[in-house]
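Go by the hints and put chain Z onto chain F.
2 protein chains.
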Amino acid sequence: MPSGSTAGIRSFFEPKSVAVAGVSEDPNKLGSIIFANLVANAEEGSLRATVYALNPAHSRIGPHACYPTIRSLPSVPELLIIAVPVALTPKLVEDAARAGVKAVVMVPSGFAEAGREELEKGIGAVARRHGMRILGPNTIGLLDTRSGVNSLFLRSTKKLPDGSEVVALLKPLKGDVAVITQSGHLGEVVAEELAAEGVGIRALVGAGNQLDVSVEEIIRYFADDPHTRVVAVYLEGVRDGRRFMRAAAYATKKKPLVVLKVGKTAAGARAALTHTASLVGDYQVYQAAFRQAGVVEAGSITELLDCCVSLSMLPRTAGRRLVIVTNAGGVGAIAADEAGKSGLDAKPLSDAEVQMMHSAFRDAGFASNASFNNPIDLTASATTGEFVRAAELALGLPDYDLALIFPSHQTPAIDADIAIRLEGVVSGARKPVCMSVMGSSELAVKIHNHFMANGIPSFPTPERAVRALSAVPTCEALRTDARAPADLVPRPFRALSRLRGPIPQRVVARLLTAYGIHEPRSVVVRSPEDFRRGEEVGFPVACKLLSRQLLHKADAGGVILGVAARSELSSAFLRFKTLAKRRGLSFDGMLVQEMVGGVEMILGGTRDATFGPTVLFGVGGSYTELFRDFSLGIAPLTRKEAAALVDRCRLSRALDGYRGGPLVDRKELARMVSSFSRIMGENPAIDQIEVNPLVATRKDILALDARVITAPRKPRRR
Amino acid sequence: MPSGSTAGIRSFFEPKSVAVAGVSEDPNKLGSIIFANLVANAEEGSLRATVYALNPAHSRIGPHACYPTIRSLPSVPELLIIAVPVALTPKLVEDAARAGVKAVVMVPSGFAEAGREELEKGIGAVARRHGMRILGPNTIGLLDTRSGVNSLFLRSTKKLPDGSEVVALLKPLKGDVAVITQSGHLGEVVAEELAAEGVGIRALVGAGNQLDVSVEEIIRYFADDPHTRVVAVYLEGVRDGRRFMRAAAYATKKKPLVVLKVGKTAAGARAALTHTASLVGDYQVYQAAFRQAGVVEAGSITELLDCCVSLSMLPRTAGRRLVIVTNAGGVGAIAADEAGKSGLDAKPLSDAEVQMMHSAFRDAGFASNASFNNPIDLTASATTGEFVRAAELALGLPDYDLALIFPSHQTPAIDADIAIRLEGVVSGARKPVCMSVMGSSELAVKIHNHFMANGIPSFPTPERAVRALSAVPTCEALRTDARAPADLVPRPFRALSRLRGPIPQRVVARLLTAYGIHEPRSVVVRSPEDFRRGEEVGFPVACKLLSRQLLHKADAGGVILGVAARSELSSAFLRFKTLAKRRGLSFDGMLVQEMVGGVEMILGGTRDATFGPTVLFGVGGSYTELFRDFSLGIAPLTRKEAAALVDRCRLSRALDGYRGGPLVDRKELARMVSSFSRIMGENPAIDQIEVNPLVATRKDILALDARVITAPRKPRRR
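If you're matching them up, the sequences are chains F and Z in order.
Under the numbering used here, read the first sequence as residues 53 to 770, first letter to last.
Under the numbering used here, read the second sequence as residues 53 to 770, first letter to last.
Think of the hints as simulated: they come from the structure by calculation, not from any bench.
These figures come from a predicted structure and were not determined experimentally.
We treat Cβ as the ideally placed atom computed from N, Cα and C, and that holds for glycine.
Careful: at least some of the hints might be erroneous.
Label pairs and their calculated CB-CB ranges [unchecked claim]: (1) 538(F) x 479(Z): 55 to 61 Å; (2) 723(F) x 450(Z): 55 to 61 Å; (3) 170(Z) x 414(F): 26 to 32 Å.
Excised from the complex, chain F in its bound form (with noise of 0.2 Å):
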């Protein structure tokens, strides 16, 4: 059963009656297309929605009445599909919302992505009034394989020049992946190319301007749809960062949810106070929230495909371990690199297991030179017994988690029935396989065809088959630890709520203190009289000039480190007056702090337009842009996901001990960086948050510096 926020759309899905609105005398006009579709699915059986053509113009077209109105029509119809001039929309669907239709899919273009806001929101606010769902404007509107509901207006044939017809398009098959697109083209494109594997959908929805229902809520819909196995999206950009990681973690518990994101060179166009805000751009922001929600990132067209087709295909595994069966060394060897490309431990097999095979092969009387390594290669001269005993070997083995045969079958002692004994043995198999069949012989097109009509992930390429089997232990891991970020509650710290511009760092630092985030030992001295307090943190100290102009004291020779003596102490601070006043900066002081040495580490926070508050963790000191080893989550973070970001850097390897360094207390910086993960959210106030460096040494981890920028106005929605 639907949950509540999605049972409003299943109108869209599963009308009673559906009325199109657009249906002329030509036959190529969007509406007619839409129209005739529907009616050959209602004559067919797939359809069992009544379905109503609209147009004032017509009392016919063909053999089919054609209504005037929406009230002239015999019931009201539960969904309306529009397919006229934008100008005549903002009537009929003022007309459908008082007549009680439930759902709307407008397909016109030219609202607000042609700038027409106002147009849009007005229709918006009627449908709104009278509980009427609208998807789109600007969409190929949705194909639902069960019901047989189809807005699409493209044509299945079309002609060439001489006249002749040629199918132009696959009709998608019914299934159980649904596709949900921001660009009609791609969306489409999907089910064909499924379609042309034999894999069918369960729908294809486009959001369209997502006026009204958003991706979000599609999303929820086949989450909660006991027909959908797997939910494909492509997706441009969301509007609410947060609603959709909510939505994908919901749908992540239950199923596979995989999204090809693209816009991924865009630049941010935040101002980059910080190092952790010209660190972090759009994509990055975006990858993180995937990867907390669960979702699986597919990083190309044929990537998303061959996910569908893995994921609505094969049982669930977490184990990462492969086993590769060939008959062509050269094929065994690549797929053994794209295992370890693709986080697969393609393990050699132990000895016993060698052993196993070797007997097995000598029981069945096979004089074979075949190799078991991993990959097992049974040379070019196997015979399809000996291929198919060794799957079945290899499938038994109780170490391995996934599977990938590759049977050449240009050699000569392979028969051309090798595809049908081999699905016996793969059928068979309670672990994910994967075939890749190469060539494009009938022969090669006849294999391939046959596993996968006989549920058998097949793929033409060894680089894809392992690319596509290690999304099942990726979906696995991800949907274990898929989770929403909390919301945010807001909790400003005092001190902070009435500055604006840059926060004095006696501020900063009493705001990381309160969140548990200490600084070293440290006085400030601001006349020569505090040279000894100064004195007394104990030499060597380093000193830091204040300014809360100044965000990157080191950048600006505001740094002087292992000052050993009281006299390095005031020439230090002379020179740092100096250099207050030759910039034109404030001088607040000079700070006076214990040397700490360690791993130099940077935590910032950056408030991003789509998904607000963010987490960075990564290198800290000089080389923090340089090498740009962080890691970025969705704030705030638990413990666990703070520990999990720590654990994504390189950094992190220097944390236990490497290389002589410190051995960095892991727990206690996990419980740092979630505490951290919780001040933007509580200070709405502050735009960017950096500490840099955080050192950790063997005994403490202790902010050595950092700066906060507080917003100048509320951010704005993208």
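Relative to chain F, chain Z alone:
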């Protein structure tokens, strides 16, 4: 004309006569298949050589005469293809060599790869004595589409269980891609997949065990061959890395050489006594060699195929500016993302260009809401006429070097003749243009095939199209800089030549000085009497424990920085003495060194078993292994190559005054790297060498620490 070194192998490709040993009455035997293929080629006229069957057991094979021995043949065959059991091969080779056969393809396996090295060597010796060349053993041999020579033993049809015949193998087409392979199956599949796309091959050659004819000779042969446009190689490994680089650089100066290398994940066997050695894996060395010799590396089978298509069909350019034309916005966005990943510049159109396109559309009377950005998005409502005109205009923009055109033929207003209309426009373009056609309908296939048949590369996804396009400028850039490394001429450094094992620090310093790499001001303190000399270096100083057994001082607590007084000097000295004693290390004194701060780099060298001396540049100091930011070259490097080596590191950004750091003299650094890269070649006794850190200040580039490991014995070839 072939160069001297490849003249000997012409007999494989253009023999006047061919004999096949191992022809029998069983048509499924390898010899029988090969003989039948050759006879068929001779009959259809594609092979002009005389073909003979050899088998002492028969006097006829079907309608053909069969001869017992080579001596008994009507004439001495120029080429002999051997497909007999291993045991019979030595006699056959001996007979062939004595009779004056010029070239032998040895198909059988069971030689060195099965442990029979001696057998293989013996055969090689006989052939060499008579100047007879051997390809193989353990190979598919070769298929030459121009001369009709074919030793492939794969059957083109197989029988299905119902008794019907099915095509099991697409016949390679005649074309200009030479395919060289170390895996018979993979080579065959590449030829087959290219044939499926209508792309022909010049030849397919399996290198087998390379008993005599090497991959390098075959590369040179096709480099010289006027009918070859692209050379594609599937490589598992090479025997002599520098011989490979010489052949590759020779070829890449003339035409594209694309390599798919497997074994990316294989771990190196070398003991990692230095950071350098632990960073450098076998595959990294191959990558460095490929880059230097101008080889385009393909990351997957798909990429190898796609590069063969684009590089064989497109004109050359060094430019990377890409314009994208589409009527599917989502696809445009995906293509732009891939352009970024592939190093292409999908820069926006200038205002003038946008105006030009708008006015051209107005002049044509198009009522289009196209967006003339880049991607140029004609939207789903575009007509064929609009699309074709936009493509024409885009291809005429002088500010773009490359173009991707993606027509979505599925939209209603695009006619089925879009391919014919676009072909006219694209064929006239003087720059590389790729098409992408998605979908699997009859029309989609027709459009794709129309482009391919008319010499316009077309790919099934925009990502693959962009990636394939990017190979054109990549290839051009590589070609320009391609160069085999200079020969290694030993010129041992005197003080080093007598030593074995760890080398004392002072000898290392002198060696480096001889190569123009200097250390900071420093003295060695061996007893308290030397403290005064230590002081003269000028406080603060760095103190370092000298011990020939100690490779990584800092890790062992053997470095104290910021020593600022005589008393500290003396306590450091005592501490080191104690430390050495406790650890059982020799105490060779304490180095008192001027404190130098700046960008920390590493300069290293290892001796690869296949490629010989390598040189590494990267991040120095304690983060070397953590960040793995390094680049690798095959030594020695010219100054230009050395400068490129430095440029390839992320760290190189820090050399140009990054965040207040020093501005490093790049020219001096390149000179230093180039000079350093000669050390290992000139000093065969050195197994590993490392300067870490090499510190760049605003003034100087100084070696703060260095180590040399001498080889325990001559490194063995793998």
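So, going through the hints one by one against the coordinates:
1. 538(F) x 479(Z): 55 to 61 Å: holds (60 Å)
2. 723(F) x 450(Z): 55 to 61 Å: holds (60 Å)
3. 170(Z) x 414(F): 26 to 32 Å: At roughly 28 Å between Cβ atoms, residue 414(F) and residue 170(Z) fall inside 26 to 32 Å, so the hint holds.
Every hint from the earlier list agrees with this structure, and none is contradicted.
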